[in-house]
Structures are given as structure tokens and as C-alpha cells.
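Visitor: Going line by line, the protein sequences match chains A and B. Using the UniProt record's numbering, read the first sequence as starting at 1 and increasing by one per residue. Using the UniProt record's numbering, read the second sequence as starting at 1 and increasing by one per residue.
No lab work stands behind these hints, which were simulated from the structure alone. Warning: the hint list may mix true and false statements.
[As the list claims (entries may be wrong)] Simulated restraints, written as ranges between beta carbons of each label pair:
#1 GLU137(A) / THR169(B): 27 to 35 Å
#2 THR151(A) / MET341(B): 30 to 38 Å
#3 GLU80(A) / PHE335(B): 20 to 28 Å
#4 GLU133(A) / PRO173(B): 25 to 33 Å
#5 ALA105(A) / MET341(B): 39 to 47 Å
#6 VAL325(B) / ARG59(A): 55 to 63 Å
#7 THR239(B) / GLU80(A): 41 to 49 Å
Ideal placement from N, C-alpha and C gives every residue a C-beta, glycine not left out.
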Amino acid sequence: MMNPVQRTVFRSVLVLIAMFAFAFALVPLYDVFCRITGVNGKVDERAQTLVSEEVDESRYVTVQFITRSGSGLPWILDVEQRQVRVHPGQPTEINFAFTNQSGSALSGRAVPSVSPSQASRYLRKVNCFCFDEQRLEAGERVEMPLVFQLTRDLPKDVNTVTMVYTLYPVAEEKAQLQAQVAPGSGGDA
Amino acid sequence: MAPKLPPHHSLQHSSTTATAGGQVHDDHDHHPQPRGIMRWLLTTNHKEIGSLYLIFSLIMFFIGGIFALVVRAELFQPGLNLINPEFFNQMTTMHGLIMVFAAVMPAFTGLANWMIPLQIGAPDMALPRLNNFSFWLLPVAFTLLLSTLLMPGGGPNFGWTFYAPLSTTYAPPSTTFFILSLHIAGVSSILGAINIVATILNMRAPGMRMMDMPLFVWTWLITAFLLIAVMPVLAGVITMMLMDINFGTSFFDAAGGGDPVLFQHLFWFFGHPEVYIMILPAFGIVSAIIPTFARKRLFGYASMVYATASIAVLSFLVWAHHMFVVGLPLAATLFFMYTTMLIAVPTGVKVFNWITTLFRGSITFEVPMLFALAFVVLFTIGGFSGLMLAIAPADFQYHDTYFVVAHFHYVLVPGAVFSIMAAVYYWLPKWTGHYPSEILGKWHFWLSVIGVNLTFFPMHFSGLAGMPRRIPDYALQFADFNLVSSLGAFLFGFSQLIFVWVIIKCVRGGVKAPAKAWDGAEDLEWSVPSPAPLHTFETPPDFKPVQH
Numbered sequence: 001m002m003n004p005v006q007r008t009v010f011r012s013v014l015v016l017i018a019m020f021a022f023a024f025a026l027v028p029l030y031d032v033f034c035r036i037t038g039v040n041g042k043v044d045e046r047a048q049t050l051v052s053e054e055v056d057e058s059r060y061v062t063v064q065f066i067t068r069s070g071s072g073l074p075w076i077l078d079v080e081q082r083q084v085r086v087h088p089g090q091p092t093e094i095n096f097a098f099t100n101q102s103g104s105a106l107s108g109r110a111v112p113s114v115s116p117s118q119a120s121r122y123l124r125k126v127n128c129f130c131f132d133e134q135r136l137e138a139g140e141r142v143e144m145p146l147v148f149q150l151t152r153d154l155p156k157d158v159n160t161v162t163m164v165y166t167l168y169p170v171a172e173e174k175a176q177l178q179a180q181v182a183p184g185s186g187g188d189a
Numbered sequence: 001m002a003p004k005l006p007p008h009h010s011l012q013h014s015s016t017t018a019t020a021g022g023q024v025h026d027d028h029d030h031h032p033q034p035r036g037i038m039r040w041l042l043t044t045n046h047k048e049i050g051s052l053y054l055i056f057s058l059i060m061f062f063i064g065g066i067f068a069l070v071v072r073a074e075l076f077q078p079g080l081n082l083i084n085p086e087f088f089n090q091m092t093t094m095h096g097l098i099m100v101f102a103a104v105m106p107a108f109t110g111l112a113n114w115m116i117p118l119q120i121g122a123p124d125m126a127l128p129r130l131n132n133f134s135f136w137l138l139p140v141a142f143t144l145l146l147s148t149l150l151m152p153g154g155g156p157n158f159g160w161t162f163y164a165p166l167s168t169t170y171a172p173p174s175t176t177f178f179i180l181s182l183h184i185a186g187v188s189s190i191l192g193a194i195n196i197v198a199t200i201l202n203m204r205a206p207g208m209r210m211m212d213m214p215l216f217v218w219t220w221l222i223t224a225f226l227l228i229a230v231m232p233v234l235a236g237v238i239t240m241m242l243m244d245i246n247f248g249t250s251f252f253d254a255a256g257g258g259d260p261v262l263f264q265h266l267f268w269f270f271g272h273p274e275v276y277i278m279i280l281p282a283f284g285i286v287s288a289i290i291p292t293f294a295r296k297r298l299f300g301y302a303s304m305v306y307a308t309a310s311i312a313v314l315s316f317l318v319w320a321h322h323m324f325v326v327g328l329p330l331a332a333t334l335f336f337m338y339t340t341m342l343i344a345v346p347t348g349v350k351v352f353n354w355i356t357t358l359f360r361g362s363i364t365f366e367v368p369m370l371f372a373l374a375f376v377v378l379f380t381i382g383g384f385s386g387l388m389l390a391i392a393p394a395d396f397q398y399h400d401t402y403f404v405v406a407h408f409h410y411v412l413v414p415g416a417v418f419s420i421m422a423a424v425y426y427w428l429p430k431w432t433g434h435y436p437s438e439i440l441g442k443w444h445f446w447l448s449v450i451g452v453n454l455t456f457f458p459m460h461f462s463g464l465a466g467m468p469r470r471i472p473d474y475a476l477q478f479a480d481f482n483l484v485s486s487l488g489a490f491l492f493g494f495s496q497l498i499f500v501w502v503i504i505k506c507v508r509g510g511v512k513a514p515a516k517a518w519d520g521a522e523d524l525e526w527s528v529p530s531p532a533p534l535h536t537f538e539t540p541p542d543f544k545p546v547q548h
């Protein structure tokens with residue numbers, strides 16, 4: 001049997017452990033929350049089907065593409081057009097090209113983000129290079145398509161949607177990568 | 001474990017007069033009392049541990065203050081004058097960390113150690129050995145933190161909020177030590193909080209119900225709950241940082257699928273309750289001092305308790321008002337804006353109650369009262385600028401400017417720090433048996449008030465004009481405001497030497513104080529002799545609840 005002080009301490013320690021666990025639980029919860037509500041520009045990383053609907057020709061939306069290389073991956077990601085004007089409901093295909101500038105085979109991945117974040121719920125990607133990791137041989141160049149559609153219920157005040165793709169090295173390769181890239185690599189793309 | 005009711009002595013508690021220098025025998029062990037340094041290393045007495053906390057926090061207040069003066073000296077004139085920007089960043093960061101975790105928080109814990117057992121009629125804290133441990137963790141933690149300044153690459157330079165990736169990817173190598181020291185300080189706070197909760201819930205004098213407790217005890221009980229709830233979150237965040245830096249995880253690294261904004265959410269989920277941890281005990285202190293010197297009972301005792309509890313609950317629902325510019329969805333922005341403004345309601349209740357307590361009171365202006373009154377006025381100014389910052393569209397302009405610096409310094413310096421000084425002047429007669437010098441105290445007070453306002457009031461204007469925080473150099477149009485701020489900072493800093501002088505003088509001698517040192521003081525601590533003997537309330541006092 002615990003005395004009253006022990007009981008208070010025991011309960012406090014339970015709260016303590018629960019709150020510590022809660023801090024870590026917030027990491028996946030935050031991710032799920034962002035995905036469901038579309039805040040933070042997170043987009044689904046799986047292929048979605050197109051919604052067959054009539055193209056809304058009464059309005060145009062400007063879609064911009066920004067590609068960036070993150071740290072530690074000597075790749076370039078090119079896009080054939082930096083900006084396109086599309087109607088909501090209209091499927092669009094854009095070609096992207098990955099180039100490995102280093103002298104060795106590397107794995108990487110383009111991580112997508114959408115701005116304004118509320119648009120991410122109305123963006124459907126049928127096919128995207130960002131769904132998978134890429135492995136490129138030394139100096140290799142690979143073209144890959146992005147097929148997307150902005151659904152017609154895209155809020156009226158959204159006139160520009162910016163899609164950002166940032167290149168990152170794939171985690172398992174990290175150690176190997178750093179060892180290979182260090183001497184005389186192509187540097188940051 | 002301390003029993004709820006210690007064995008009955010035939011002595012009446014008030015007749016146990018002070019025996020010099022800890023000669024009273026401890027019930028719990030039968031070894032002779034250790035002497036010298038070992039006495040302080042091994043002490044389990046709440047009064048001695050309280051004094052240790054207070055002395056430690058005073059030393060840290062000066063160290064953090066010196067860092068602030070380095071910052072203000074650099075900002076005295078435009079241009080890079082005295083120190084390089086890297087060191088400037090370390091100074092702003094260390095100033096914040098030391099003041100928050102090593103000065104204000106331990107000072108309140110020290111006051112809690114000294115006064116809570118006396119105010120509830122308990123013989124000691126519920127867990128005396130744990131109490132010793134939680135104090136001695138602090139010097140370890142902050143020696144470690146300060147030592148990072150001497151390490152290669154320098155100390156933490158990413159601001160006291162240590163946002164990732166500044167504190168992970170771009171951090172100096174000493175960051176791992178910073179994390180460890182914050183872990184140790186966090187453990188200390190948590191253990192202290194558990195001890196305070198266990199004491200307040202289990203060791204009150206017979207007949208003292210929760211709603212009979214002095215407000216300092218109430219506010220500390222709520223603060224301790226906040227500490228237990230949020231310090232583990234801080235521990236979690238810095239553990240994630242540690243793993244990101246050293247073990248290749250990616251909690252906050254977008255390269256591995258993490259999210260730097262998540263860091264801000266987690267940090268402020270801890271950080272906002274943390275700022276109330278630094279102000280709620282201040283409310284308790286002011287609610288003890290104002291009735292004493294107005295010679296009236298506190299107006300609206302119950303509403304004070306409920307207001308404190310509501311502030312604590314609301315503190316968990318407002319964190320993202322620190323992050324309005326990260327790009328929150330509109331619904332979230334509105335939610336956090338409204339909940340933040342809601343906090344003004346219970347805070348307004350408190351200010352109203354203090355003013356109503358003063359109304360038609362027989363007020364005298366002793367030093368503790370002066371500090372308490374300055375608290376009410378200046379804290380309210382800080383509250384108003386807080387309301388301005390809560391307005392999301394306006395915050396887009398104010399964010400990361402000196403306006404924010406002005407706001408949180410108004411609530412922390414003439415808020416939390418003044419309340420601690422008020423408490424020290426108020427309870428020094430109980431601790432030392434002597435009144436602190438009125439004349440020196442008044443000099444200290446007036447120079448501090450002038451210094452604080454000279455330092456922080458111009459920051460409102462430089463902030464509204466667009467001066468960013470955390471920069472070592474600034475555009476010429478801010479020169480005059482910064483000159484005034486720097487002069488005020490040096491005035492405020494050096495006038496704190498008077499405070500030290502007052503304390504030393506008071507410990508050594510002065511006008512003898514009776515048990516009830518202040519005319520209008522009511523709580524139980526004034527029923528024991530001054531200075532309070534090492535052991536008090538070994539027999540529970542005869543507590544008569546008063547009608548609030």
C-alpha cells in the first residue's frame with residue numbers, strides 16, 4: 001500500500017512518462033494531420049486516378065515548377081517548362097530530367113511540396129517521379145514525366161500553384177555517398 | 001518518506017526558538033550534522049535548500065546580466081564595434097538561456113522551497129533528499145552550459161529558442177553539451193515540481209483546505225503541474241535534436257522526410273506554458289504583498305485561483321501564436337489568435353482584483369510594496385503589447401522585431417524579476433531576522449524602475465520602426481533608441497549591486513524583526529519566529545481558516 005506522498009509521486013511520474021511519449025507521438029501525428037488537412041504543402045506520395053470532369057475553360061491557373069538540389073547530392077533536376085497555364089480539370093504532362101553530375105552511381109529522391117498549401121488537396125498526380133527513389137549511374141541523364149490535374153473545385157482565390165521539388169540523397173546510401181563524393185566531386189548542382 | 005503528521009512533541013511550535021547554525025537534531029538520521037561544505041552538499045532542510053536555490057539564481061542573474069550588457073554595449077552605437085557577430089549571437093543566446101532556466105526558474109523554486117512548507121504549516125518538503133538532488137543538478141547543468149563558451153566553435157548561437165535546423169545542421173559542435181545541460185536542468189525542474197506537488201497535496205496543516213491555501217501556494221501548485229506536463233516535451237525535443245545531430249535521424253531534417261516547422265510546434269508547445277511557469281508564481285507573490293501593505297484581505301480570492309487555473313489551461317492552446325509567419329492555414333491562425341486574446345480575460349481579472357484590493361486600503365509604501373505595485377503597472381504594459389502581438393495581421397509586422405523584445409522583457413523583467421525582488425524584500429525579515437534597509441531598498445527600487453523603462457520602452461519604437469531582433473548592427477535611424485536602451489541597461493545592471501548590498505547587510509544585521517514582521521501580514525509563515533528556526537512546524541500549527 002502506498003502512502004499519500006508516494007501515490008502523488010507515482011501519479012506525477014505517470015504524467016511525466018505520458019507527456020514524454022506524447023512529444024514523440026506528435027511526430028507521426030503531425031505528419032498525419034498535415035496529410036489529411038493538406039496544411040504544410042504535403043502531398044500524397046502515391047498515384048491517384050484522374051477525376052474525369054469537364055475542363056473549366058473559364059479560368060486559368062498558373063502552375064510554376066521550382067527544382068532545387070538539397071545538400072550532399074551532386075544532381076541537377078531540370079524541367080522543360082518553368083511555368084504553364086492550365087485550366088482546372090485539365091490533365092497536364094510535364095517532363096523533368098535528372099542528371100547525375102558526379103563520377104559515381106548514386107540514389108536520390110525528389111521531395112515534393114505545394115504552395116499555397118491549401119491547393120495540395122486539389123492536386124492529383126497520376127504519375128510522378130517523386131513517388132520513387134531514383135538510381136543514376138555516373139553522368140547519367142534520365143527524363144521522367146509528371147502527370148497532374150488540378151480539380152475543378154480548386155478555390156477561386158487560388159490563381160497560382162507552385163510545386164517545389166527538392167533533391168535529397170537517399171538515407172541508406174548516405175555513408176557510402178559521402179565517402180564517394182568527397183574528393184573532387186561536381187559540387188552542389 | 002516524510003509522514004503526514006510527525007510524532008507529537010509536547011512543545012508548542014512557536015516556542016521553539018532559533019538555535020544557532022543548524023544545531024537542532026534531525027529526526028531522520030542519527031549521525032552528527034556535517035559541517036562546512038558537506039553541510040550544504042548533504043542538506044535536506046527546505047530552508048537551506050531554498051537559500052541555495054536563491055543564491056544560485058542571484059549569481060546566474062548576474063552572469064546572464066553581464067551577457068546582456070555585452071549585447072547592449074555592442075548595440076550602443078551602429079556598426080560592429082566591440083565583438084564579432086558570432087560572439088554576439090552566443091551572447092544573446094546565453095543571456096536568454098541563463099535568465100530563463102538558471103535565474104528566474106530557480107529563484108521561484110527557491111522561494112517555493114523556503115515558503116511553501118511555512119505557508120501550509122508543514123515541517124519540510126515531502127521528499128527532502130530528492131530536494132537536495134534537484135538543487136545540486138543545477139550547478140552541474142549550468143557549469144556545463146557556460147563551459148560551451150570556451151569550446152572550439154563557441155557556445156550555442158542559435159537563440160534561446162534553438163530552432164532547427166540552426167541548432168542541428170548549422171549548429172556549433174558544442175550543441176551536444178548544450179542538450180545535455182538542458183536535460184539536467186529539466187530533470188531538476190521536474191523533480192522540484194513533483195516535490196512541490198507532493199508537499200502541497202499531502203502536507204497541509206490539519207484543517208487547511210485547498211481553498212484556504214495562500215495564493216503563492218496555489219499558483220505554485222498550478223505551475224508545478226505545468227512543469228510536469230511540459231518539461232518532458234522539452235526533453236523530447238532536445239532528444240530528437242540530439243538524435244538528428246549524432247545518430248542520423250531526420251526529425252527536423254527535410255532531407256530525410258522530417259520537418260523543421262515541426263520543431264517549432266514542439267518547442268512552443270513546451271515554450272508557451274514555460275512562459276507562464278515564469279509568471280504564475282509572480283502572481284502569487286504579488287497577491288501576498290498587496291493585501292499586506294493595503295491592510296485589506298485580497299479581493300476575489302476564489303476568482304484568483306480560477307483565473308490562474310484558466311491561464312494554465314489556455315497556455316496549452318496558444319502555442320502557434322509564436323509562429324504566425326510560418327504559413328499556418330487561415331483557420332489555425334484565427335484559432336490561435338482568439339485563444340491568445342482569451343488569455344487577457346483571466347489576466348484582466350487578476351489585475352482588477354489587485355487594484356480592487358488597493359481600493360480604500362490603508363496603503364504604505366515599503367520596498368516590497370513598491371516592487372509589487374511596479375509589477376502591476378509594468379506587467380500590464382507588457383500584457384497590452386502581448387495583445388497587440390496576438391493580432392495575427394499586426395504580428396506579421398511585429399514578428400522578430402524589437403517590439404517582441406520589448407514585450408517579453410516587460411513581462412519578464414518588471415514582471416517576473418520584480419516579483420522575485422519584491423518577495424526577497426518581503427520575506428528577508430523572516431529569513432534573516434532583520435529588516436532590509438529601507439533607504440538602500442528605495443534607491444534600488446527607483447534606479448531599477450528608471451533603468452528598466454529606459455531600456456525596454458524605446459524598444460517598442462525601434463521595433464515598430466522595423467529593427468529586427470538578434471542583429472549585432474543596425475540601420476542608422478535606430479541609433480537614438482538604441483543609445484537610450486543601452487544607457488538604461490547599464491543603469492539597471494549596476495543598480496542590482498545595491499540589491500546584493502542590501503541582502504548582505506540584512507544577513508549581517510539590522511533592525512530586528514518580530515515574528516509578524518509586517519503589520520498586515522496574515523499567513524502562517526508569520527507565526528514562526530524571525531529568523532525562522534531551522535525546523536518549524538514539527539507539531540502541526542493550529543490553523544484557523546479565514547473567510548475569503
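Visitor: If a hint holds in the structure, say so; if it does not, say that too.
Guide: To see whether the hints hold, each was checked on the structure:
no. : hint                              : verdict
1   : GLU137(A) / THR169(B): 27 to 35 Å : holds, 29 Å
2   : THR151(A) / MET341(B): 30 to 38 Å : holds, 36 Å
3   : GLU80(A) / PHE335(B): 20 to 28 Å  : violated, 42 Å
4   : GLU133(A) / PRO173(B): 25 to 33 Å : holds, 31 Å
5   : ALA105(A) / MET341(B): 39 to 47 Å : violated, 57 Å
6   : VAL325(B) / ARG59(A): 55 to 63 Å  : violated, 30 Å
7   : THR239(B) / GLU80(A): 41 to 49 Å  : holds, 45 Å
In this structure, the earlier hints numbered 3, 5, 6 are contradicted, and the remaining ones agree with it.
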